[in-house]
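Q: Here are the chains, one letter per residue:
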Amino acid sequence: MLFSNILIYFVVIPLLMLGGLALCRNIKQIRAVAVVGSTILTGLSVYLLVDYLGLRAAGESAPMLYCDSWTWFRDLNINLSVGVDGVSIAMLLLSSIILFTGSFASWKIEQPKAFFLWLVLLSTGVFGFFISVDLFTMFMFYEVALIPMYLLIGVWGSGNKNYSAMKLTLMLMGGSAFLMIGLIGIYYQSNAPEHTWDLLKIAEYGVNADWQNFLFVVTFVGFGVLGAMFPFHTWSPDGHASAPTAVSMLHAGVLMKLGGYGCFRVSMYLMPEAANELAWIFLILTGISVVYGAFSACVQTDLKYINAYSSVSHCGLVLFAILMLNTTAMTGAVMQMLSHGLMTALFFALIGMIYGRTHTRDIREMGGLMRIMPYLSVCYVIAGMASLGLPGLSGFVAEMTIFVGSFQEADTFHRVFTIVACCSIVITAVYILRVVGKLLFGPVQDEHHRQLTDATWWERLSTATLIVCVAAIGCFPNFFANLIKFTFDGAIFRAIGLN
Amino acid sequence: MDYSQFLAMKQEIGLLVVFLVVFLYDVFMPRKGVAADGRAYVKGTSLVAVISFAIFTAACFLCPCIYEPASAFGDMYVTTAVAATIKNILNVGVLIVLIQAMRWADSDIQVVRRGEFYQLLLITLFGMYLMMSGRHFLLFIIGLESASLPLAAMVALDKHRHESTEAAIKYILTACFSSAIFMMGLSFVYGLTGSLYFVDIASALSTQASTGLLTIAIGFVMAGIGFKLSLVPFHLWTGDVYQGAPTSVTSYLSVISKGATAFAFVVVMVQVFGQFYTAAWEWMLYALIILTITVGNLFAIRQRNMKRFLAFSSVSQAGYIMLGVIGVNEMALAALIFYVLVYIFSNLAAFGVIQAIENKTGLVDMDSYRGLCRTNPRLSFCMMLAMFSLAGIPPFAGFFSKFFIFTGALNQGSVAMYVLVLIALINTIISLYYYLLVVKAMYISPDECKVPAFKSATSERIGLVITVAGVIFLGLVSCIYDSILALCGVA
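Residue numbers (my numbering), protein chains in the order written: chain B, 516 to 1014; chain U, 31 to 521.
Read the hints as simulated data drawn from the structure, not as lab findings. All figures in this text were calculated on a predicted structure; none of them were measured in a lab. Where hints are given, some of them may not hold.
Going by beta-carbon spacing under 7 angstroms, a handful of chain U positions derived as facing chain B [stated by the list, open to error]:
hint, residue
1, Ile423
2, Thr437
3, Leu440
4, Val449
5, Ile453
Stretch-level coverage of chain B by chain U, calculated; a stretch enters the list once three of its residues show a Cβ under 8 angstroms from a Cβ in chain U [to be verified]:
hint, segment
6, 697-707
7, 798-805
Virtual Cβ for every residue (Gly too), placed ideally from N, Cα, C.
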């Protein structure tokens, strides 16, 4: 039965929210629907997490759990197949937390009904993507998640929003054009006895060796565009800078993870031989993103641009770690996805709140905010510390794991790139401390700022939730490492010689 | 002569009955209505036409006997389950066009000659039926001509606008010219084989090697049909005619006429010249597709008039439809039928909105759509869904049809085909850009809207509801595509 599977509710609840929002008459009802729906989703993903760990502890050894499949297009073998492992559960948890906090961060948005309709549609796509194990369904949800961005940025954005929205949409859809040809190619070129879109079946039988290189490149580039891989990252700074707060949060926090997750789940998982052969090309590109993003962040003066370039750098690190092709680095990559998702959402939430008060995002026009709005400022410091990798917060755990994993690859090429990527930690410290110093300390730049108020209760709730999560990953890394460990210990990865 | 063979032509006979009902009603009923300029007209013609055609469409869907294969006139006429389904799909499209056209046809200027509009339209549909089922080039050409010549008269129906007349002249000249080229090609084929039966030509050609003359003949035939399909470089009439014609006629031209010609094109190329696929026409079609998709897209970007904009968008859509022909397999054929079905609904949704606004205010340029979502939220919502569907955004039907047509084309598996699909996919991004321009004008632009808030007529609403429902559900409801696949023989 369709509704006996827990995973399907990750799509059903957002769809119900859409229906509920359509019926709403005033802002209170809209807020209620958004908060109740995202709370249920968060609860559901926590329940899933606990249940999953229980099942694994009881000795379940299938690569994906909660698997189910319903026929959709019979003759093309397209199914609505769902299934999750530790990595997907981590992503579901991340998405629901960010949707929850994002709802609070857009408490006072204009035209709330349309805004939340598009936002929830976007998250329907995100949740659907993470639970799917059928390439067609996965791709469909992927595109469902992309197109609402256009209107969300175009209508509710700020600054050069028309340009940014169009650029972002076209570049991401351009990526998905590559993806589409890659996925159809995988469908035809898999070694499975009949053509199939089923991820697990394709992984079991492998993909035709003659085609792997081509398909690996197009799928990796396709997902890499969304993961802000150099030189396809240019949509990201403009897009993030123009987007409204909650959209920046969801986009940097979750949508960019779709890219990393897709690179791992489709490109690496299905075509490991090609990955082995061609990883070096993308290692160079992602290595550039890591350092280039960090350097670019150093010279920006707009808070959102700083954070957007910082996202390019951090998301580059995710792809970088995946391409190292060993268990430690891949574990680090997933940790980094979680960590970056939470802390960048926190950053964008805070920037949105500060911008809402000061009406500027230029760091040269602000200063001494620590005395004016202590709560927001302290949160900003915490986010900054997480970003530059202070022990006890999530960034440290993730980056440490990634670099330990990268150092396991002992040849000169990998060594050089590991060291180059490591430099980004220092540069990160430079731009974070620069902002913290200018923005929060020092003299007050604008006398009008003295009258500004500190955070309201919904803003406190939103940021506190995110800080708790960031600290949780930092303090209990083992819990999360255990959650995703099984994926990388799985039979498939051993069979292809990934250590 | 055995007259019972006429019974093979059940759908044609049904259509003829509808035509006669409309014709007799319009000619012999007393003229009780009086138009603004004092001329008398018959009341209720539109309603009679729509209702009788709706009954006919429903009957065709429900009656299983039309799906049985049959032939008549010494196999000049052959009908199969696929042909019957294609005709049914065209019927659905025509029904929507008729419903959407009611408001225009009943307007003060048109009301005295609306009878002609319905009659001419039904005649062209009859011609398209013959194109679907003709297996002898004589019958095929009769179909082709009766599908295009009356259209010129329909294009000229807006007599008070000189663009309409101009468009009609352009249309009839290109139509005649393309028919001439088509028949020139046929005369070569006849010279090579001595027959005009599809089957005889194919079997006579199978003993011959591919010659230069045959390549020229195939090229001429493709060019002739390419004019009707407005493939680049035979598309030059499209923009002017689409812009000049009355919008109801434009929507008919862009979906029904184009869809029917696409089906006829498959039949001719595959059944007659199928064995020369790699030798003679694969590369021609390959080049045509790339040109059509790219040029259509690039020209659409600059258009400000909505009708002209959709004209170039439909040029590029024709290129995507042709991807189903170049695949030359059952899966590609099924994808093509599904693509045309979805295209009919998506494009008619867009034209429905354009007509509603044009009928009310006379505005058709994109600039007047700025800020439309604030004055007419429902119309702009319909338009947005239509644009998303045309651009291939999920979960709307256009996404599925695009995905399937690419899947069908790649079924062949050659590297050249991957390159072609990649070019087509990159073009979808260009097309997304200009479809988003419309969305941007309606939703993002802060300007004051020139179109005031208004209530659209019931007929317009019914048309929009049907098309929007199609745009949403045609893809998600998988049994539609599954049944088309089953029909085309994909296990």
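Q: Given that the segment 697-707 of chain B was listed as covered by chain U, double-check it with a C-beta distance under 8 angstroms for 3 or more residues.
A: With 4 residues closer than 8 angstroms to chain U, the segment 697-707 of chain B meets the three-residue bar; holds.
Q: How about Val449/U: closest beta carbon in chain B under 7 angstroms, or not?
A: 10 angstroms, violated
Q: Once the shortest beta carbon distance from Ile453/U to chain B is found, is it less than 7 angstroms?
A: 10 angstroms, violated
Q: Going by Cβ atoms only, is Ile423/U closer than 7 angstroms to chain B?
A: Where the cut-off is 7 angstroms and the nearest Cβ of chain B is about 5 angstroms from Ile423/U, the hint holds.
Q: Would the hint on Thr437/U be counted as holding, given a Cβ-Cβ threshold of 7 angstroms to chain B?
A: Cβ of Thr437/U sits 5 angstroms from chain B, so the hint holds.
Q: Count residues of the segment 798-805 of chain B with a Cβ under 8 angstroms from any Cβ of chain U, then say if the count reaches three.
A: That given contact is violated, which follows from only 0 residues of the segment 798-805 of chain B lying within Cβ reach (below 8 angstroms) of chain U.
Q: Does the nearest C-beta of chain B fall within a distance shorter than 7 angstroms of the C-beta of Leu440/U?
A: With a closest approach of 5 angstroms, the Leu440/U hint holds.
Hints 4, 5, 7 from the earlier list are contradicted by this structure; the remaining hints agree with it.
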